[in-house]
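Which chain is which? The protein sequence lines are A and B, in order. Heads up: the first sequence is residues 1 to 297, going by UniProt numbering. Heads up: the second sequence is residues 1 to 944, going by UniProt numbering.
Heads up, simulated DSS-like pairs for lysine-lysine below, C-alpha to C-alpha not over 30 Å straight-line:
(1) B:Lys-298 to A:Lys-144
(2) A:Lys-293 to B:Lys-341
(3) B:Lys-149 to B:Lys-233
(4) B:Lys-298 to B:Lys-269
(5) B:Lys-393 to A:Lys-181
(6) A:Lys-207 to B:Lys-149
(7) A:Lys-153 to B:Lys-307
(8) A:Lys-207 to B:Lys-307
Chain B is faced by these chain A residues, among others (derived, beta-carbon under 7 Å):
(9) Val-12
(10) Ser-13
(11) Pro-205
(12) Gln-233
(13) Val-253
(14) Pro-255
Calculated directly from the structure, the hints in this document are not laboratory data. Please read these numbers as outputs of a predicted model, since none were measured by experiment. C-beta atoms are modelled at their ideal positions from N, C-alpha and C, and glycine is treated no differently.
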Amino acid sequence: MTLALDIRLKRVSKVYREGDLVTGLIVIQCKNEVRHGGIFLALDGDVNLQLSARSVGIFEAFYNSVKPISLISYSLEVSKPGKLSAGVTEIPFEFPLKVSANKKLYETYHGVFVNIQYMLRCEVKKGMLAKDTVKTAEFIVEYKEHAEAAVKKPVEFTITPDSLSNVKDKSRIPSFKVRGKIDSTCCCITKPFTGELVIEECDMPIKSVELQLVRVETCGCAEGYAKDATEVQNIQIGEGDVMRGLPFPIHMVFPRLFTCPTLVTANFKVEFEVNIVVIFNDDHLITENFPIKLTRF
Amino acid sequence: MATYMWKSRDRSYEQERAKLQCHTQEVLEKHPLRPMIVTGDIGKSSRSERASEGSSGIITPQHDSERVFDPLSLAVENEDPLDPLSQFLHEQDGTLPQSKKARNCNKTILGHGTRSSATGKSSDKSSSLMEPWSSRRQSILARFTTSEKLSMITSFLAGGDKVVVKAATSTVDKVKHRLEQLDDFEEGSIREMLNLSQQEYTSRIQQLNTALTQAWSDDQRVKALKIAIQCAKLLVDTSVLNFYPSKFVLVTDILDNFGDLVYERLFRKAEYSPSPRVGKPIELPLDFTPEIVPESAKETARNWFFKVSSIRELLPRFYLEAAILKSYNFISLEELSAAVKRLTGMIRGFGNPLVATYARCYLCRVAISILPMEQQYLLPNLFDFLRIFPQLKSPDVREEVSKQKMEWSEYLTLYTPALDWILECIASCSQLSQLLSEISPFGHNALVLNSLMAAFRPNDVAERALELVELMKEFEETGFPLHVLYRTLGLCLLLADPPLDQRRMKKELNAFLGDVIRRMTPGRAYEAHYHELHVILDRILSYDKDFNLLFSVENFLPYLDLFQKESVRVEACKAIIEAFLKGQKSVTPDPLIVNTLLAICKNMHDSLNALSMEDERRHMSGLINGFLCSVSYGRDFEQQLNFYCDARAAFSSLDPVMSQLVQLVNRLAVETHIIMKGNHSRKTASFVRACAAFCFITIPSMRNIFAQLSLYLLSGQVALLNQCWGQADACLKGAISLIPFVPKFLEQDGKRKSTEHLLLSILSQLTSTLLLFPDNPDQGVLSLLRGLLTIIDSYTWDINQDTKTLFHLHTLAIVAAYSQESYIYHIPGVDSNDVMYGHNETFLKELESLGTSILSQILDYLKELGNRHLYKRQSQLCLTLIQQILVHGDVNHPPLHKLTLNLWSLAQKHGRADTSSLMAIKRKVMSPENHHLASLALLLQIKV
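Isolated chain B (complex conformation):
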């Protein structure tokens, strides 16, 4: 093939742009991602969307340095009401603001006793705040267990499933055993079952419960009552202290069952006649009053109470009456409250404080479900507990505790479930301050205080936190573990903040951390407590949103020093920065925060070594970048640049951080440019040069060549924008000189991938940028482009791809762009070659010869492809070249005209041409808009 001359077409960009304008706008407005990018109230209503459509339609990126837009996070932040998932969530829990307090969620309606429909009345407003008994029940059963052997005295369990069938060794035992067996046949014989394991004991009690229900349904009500009495008697026995709370739960289940049975039966019997005329009695309404209960039902109810009141022993008498307390509803409400009062007094006769306290718990539990509105009985119960409290320290109790090898503090915690419940009841209807003053005459009581803090609303407790701490100081000698108290208070404070002023907080935090340091330092104790130390840090971070305050706490950094082990320290650093990024809503210039975080980040960064995982590096880079983005000195750009310099020094081994820094500095330069409106003063000019220098110096320290390339390019563009020709030139040169080092392959997801397409796109950008660059008068025409071409020529390209030729095709376009009288784009204040050379003939000649040499290289390559029989690739390239010529070349210039026709036939020569591309070219040629191609219109024929 002969050498073809390249001739660029003259174009009027103005006209072309005008033609394109309307299209562009339309496309932009309908962009599907658009609503995600626009800031402000997204998706709130269609109104806002319409409003944004009405505006120019071109998105102006806001230079709010604090916002780094991420469409995903944006959607989360705005709590988009259109998001179906979150909407569903809202519907589910109804009250989103409350969900903050998991505790509140737990406190649902008092669900106890729903068995009996009539109890619906009892679950009401005041008790709705309380955690239901049923949920406590489980936790008590799980917490108070024992491996001791238990015993039970009962007459109602069949002997068949006797556990103790031990090998009777002596004859005496045998005889005894047989006699026992004989006894079993006699119903009602009382047996003592010994050596029961906890599980067996529990199942026995379950059996009793079924036996009771069975007896009841068999109309053996006396037997049912007897079973209930026997069960209640089990609560006298405290021989296995640790199991007592669980035993209480099990036994009261039976009593509840009994109470419900009695109540239900009375309810069914108590049919009444609503009016004298209506003869047929109907069932009582659920919210009946004693007045309408017929005399017969009252009599039956009274009989129950008479029966119960004649029970000989105190404990069963108390428990049984409490169990059927609800049935006073049939008799009279006055008697009901009188009975509660009487039962309260009755408990005073219980000598064992543990037994008494649990009895009070049961009474409160029953009473609050029947009399939710009336709560006079609650406080006397608490006061009576306080009165008998000295009994806990009586020699008897101490002896019992020591006999069972129990810690004293452990013994005291046996009281907590009962007290928790009592106080929870009280908390639902009284004020903390009032209660505190009311119990103070009884002396300070750690047990009560502990339950009190657990029962009252965390807000109330938090309000008086200081007062409570003062109280706790006085408890040193009571034996109740202080840490339990502090823990309970702490749990409240986690949910509600105490009313402390910030300075005080700081002081306290400092003192606290100081204390921790003091305790942890000797003997490197911290090594064993990294987890705890980390948890403390987490708590502080989740609480403290004010990082200035936090970092001004003197002991904070020394506290961090406790994390000696590197991995732990890095985790701590990460936690801090994560918390900072989460809590910090706006950028900050605060030097304290900046310096501290810089130190922390550096610390984290320095832990990296050759063995660090890629993920680890990425995570850290993310954190550090987040930190870098949240530092802003406002208009003090020099300070900002200094900060970036420090950061560069600190984080040199993290590529992403380096690249972020270059980006940030470039942004700084652009911001300066915007502020100065393009006209730099001497000071700003030197500042932007400093920025450019920063970039130029920083980029080579990175490892990733592609990142370097694009950053060079970006920095070059920015430098040019700021009229720093030298720096811009240097950047581009840097980029060009880097090309030979571009690796041929990259590892990506474990696969080797060719980098040529990446390189091509960068090269295209590079050449496009070159159009803006005026030639350096010292170095001849288009020295940069020529240099680039030389380097491209010497680069080893993959012979299976046509990248080099594709690049040459791009170069043709740039050559054409250079040849225009006025270039397609400019940087204001920068004279590109169009102005420099003023469409000078010599310059055009120079371009033509360059274009010609490139064209010949392309044609050579096409020939080579033909030689290698790669017709498909050849055809594709031919068509691309035709398109390039059609767009950029002057087809009316005879050699090009001829070349186009030749290429057209070459493309189709081997029948491997892509028909749709052919058609596209054909359409283009035929289009009336492209009248300059009219000469080709008839000549380009598609072979079939």
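One chain only, chain A, in its complex shape:
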């Protein structure tokens, strides 16, 4: 007795905003008539917090705070127990994406220690003996139009041996001067991160110039917290010994799902930073860090 269950969202992009109707079809395909003990559909939005291995010890005390935080939860019985005729059965559904006044739907985000996920879960009950058939489908939540918009905050910077911190032996540093401009440290998440970099001078041949996108996830509450910075992606923007004095573009597209607008809540924070890394031929590298703020618009 086979039964194929599928949830098809009406929007191909699967992107919804608060207040939208999540509409779609439950598609059940079976070869012959099937009895079932009811069909249920649930919509859940949760924030899952995880503790990194090194933080676990400290945080056992605040065990509470790592419990998933539910943002939205609906469930409905689509069908009473009964029979499904052979062939394809399509059951349309519709959820309003609404939350109570004091709650907010955060944007979908897949991180390392913080995950914000919205799922549709459809269950066809099969009685006591058989296993229920379950199908889940993720949909993506984005902020509505009037969410915070990016304010242009251009930054110009110069990196020289003098501007470096944590250098032990200054004599071993080649002489260099890297000048750059970031169009804005407050970025709309759908637009690329842009800017320009010039290697004005540099004694040592350069091996590579890279942009590192780093997420900084903070879990915890007023009592204590764990902050972890991990790499989202690393994008090379200069390959080999880049021409001196010729500006070359800084350009990076924010990956979907793995980034979200900078989020600061009482229990967790998701923030982003960009590192500009210049790697010399001898594998020494210099890094300049730029905390950035991401917004939906």
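Assemble the complex: chain A is given as a structure, and chain B must be docked to it using the hints.
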């Protein structure tokens, strides 16, 4: 047989002519060769043919000295539209005028990417001028090769066909080898393949390409993407510089393939509903716009770009996005042009200038096929190249080049294929002058200039040739080989002429030749460079149609002197004359041309010796004759004659040239005659005598007796026409006295052939001519004819042929012609014997006795044939004699009447007579027109 008296028949030529006239005309008009001979628009339309039929029908040879008619060459010159072969050719290439530029022909529609049907949109007007990538592809692969070992890092090639199965010597190696083998089983393990030869490398890349296509069709799109990424990564490696352009070609093939796969899939997925009412979605039209693409397809396309934009490394990220650039068509056109712009900027991050330049080439190539109309991205790419150009001279690059033992100039030429392409793209949409001014702020760049000249239309380049040369002068120190630049410019100039005034051209050419001479002279350097020198000469000749200008170049003749080796010099001379004959459309009196060419011809002529091949002589004679024919001083005939004298002095060892000269001088004499309308003044009389003398002197210097004979004859006729009796007489005497020396046999195509038939025809002409000649009062009646007969008698004839008797038969005819009251033809102003003797009895008697003696000789010969039992020949001769008698003799004269009947029976005596000849004679006799033969009509019976 008794002696028969000869009696000539009196004839009225006037009447006979009137009877014949209509026939002649008809025949002439229907002559099949006629349209070939008539000048003018041949075969253009039937109208012209009709028009010529309407005219008199008699062809008057035009005395245009420049034209020597050859029906064959005429057909070629006129490009006869009726010629089926040439017509076919026209149809084939459609545009004949263009075929001049082979280059243009090559530039066909940009054929790249025809795999995907939707790309049809991309091949359009602006790119139609460009040479397709596919054709360059091959030349790059052929040009940039290496014998160095290559390496490749990949995880997608099966380990089974590993190349490096070297005999593992040490145990460490063995262990390592086994471990490697273990690794191979794990899919996706990255291996570095070392020591690949170029061929192996190429086949590996081919394998990757098939692997990619395979993965794609297996729905393993991520794997396909990974393969493409790995391939793109190969382009980072410049460890074998010389192979880089070829590697670029190979790798971009894969990327193109990948791009097409992505595009095709999206295209198939992107079905849309043209109107809300029609439910069923249909396939996108080929020229779709992003607006009608359904959201789902857009989303998929976007996903591809997201995926690509997260590729860590710069180079693969760039190449992959460029490869799937076309798929922006599904999203939006604005994003597409923005992406091209962004990618242009992205290349600035490439540290290695070679890698960067090829990346630009790829970008331009992809972009021009997608966005043929929009070309703002092209120039920034060029400018960025100019900006990074100093990077080429960075110590790093220099070190790399020297490490690979490469010449610096060789390294620079690695850039040319990429730059050529970029500039070709630019050339299709911009002006040269504008571009030149736009790139000038970046400083002069030899590499770019070289590609620029190659890319732009030769006409444009030629227009600015001088400016470009000025630019090149400044490049001395850049390291790019200057000769390459000059060569590229030269190639353009071959196809298009620079706008130089003639005087300047001359100066430049002179300077150039002077330079060549200066470089070639020391140490007889020219000996090693004859070929090159000859090529230079060829170029000059093919370019320069103005020979006056060419010969006035001071260094031209000294340049020719460089050709010291005789055979080479002769070839050079031939080339010059050939070019002259080809280029010179009209006759010339130009003394410079004439003298120079005379010298050149003489030079060529003097190289002949006893060992020269017959073909060689013939070829040279042809050339020299062509030259002689193209010299004309117009009405200055004396000058012309002087020229011919010089020519005679110069070319004495070539018979055909001598004969041509005699012909030309005779023509000169005839022209004088025509101009004076037959009445010479004292001056012209002496001039034509000089002409006759020229001929008379020239002819004996020839070797070919037959040519001499016919020229004597011709000259004699011409001299007579011009009333130079003495000279005419001398010519004929000359001819007659030459007869004993006529060789019995000639070698022809390796076979010995009897000359008697040739001799006979000349003799016939000679005797016919004699009719015009008045007797020299000092030498008795018909002294020339008698002299001729004496010589004929003493000539040793072949006993197997009847030539002598045939000649005697002709003589009978001439005797009959002499006996007429008024001769059949005259030369105006020349009194022939009819006027001289006034049908005098004595003269007639003299003729009769001559005729009788000839007749008896013939009869003797017939008898002799009978004795030798050669009945067939005897019968034939009998019949010929009968015919001759019927035409020229008076058959009503009893002895002749009797003779005819006797001959008739003799002819049939042995049953060897030719029936058709008998019938012909019979018919003739019976014909009512020939009523004077009526007496014979009943007597001539054919025996059965």
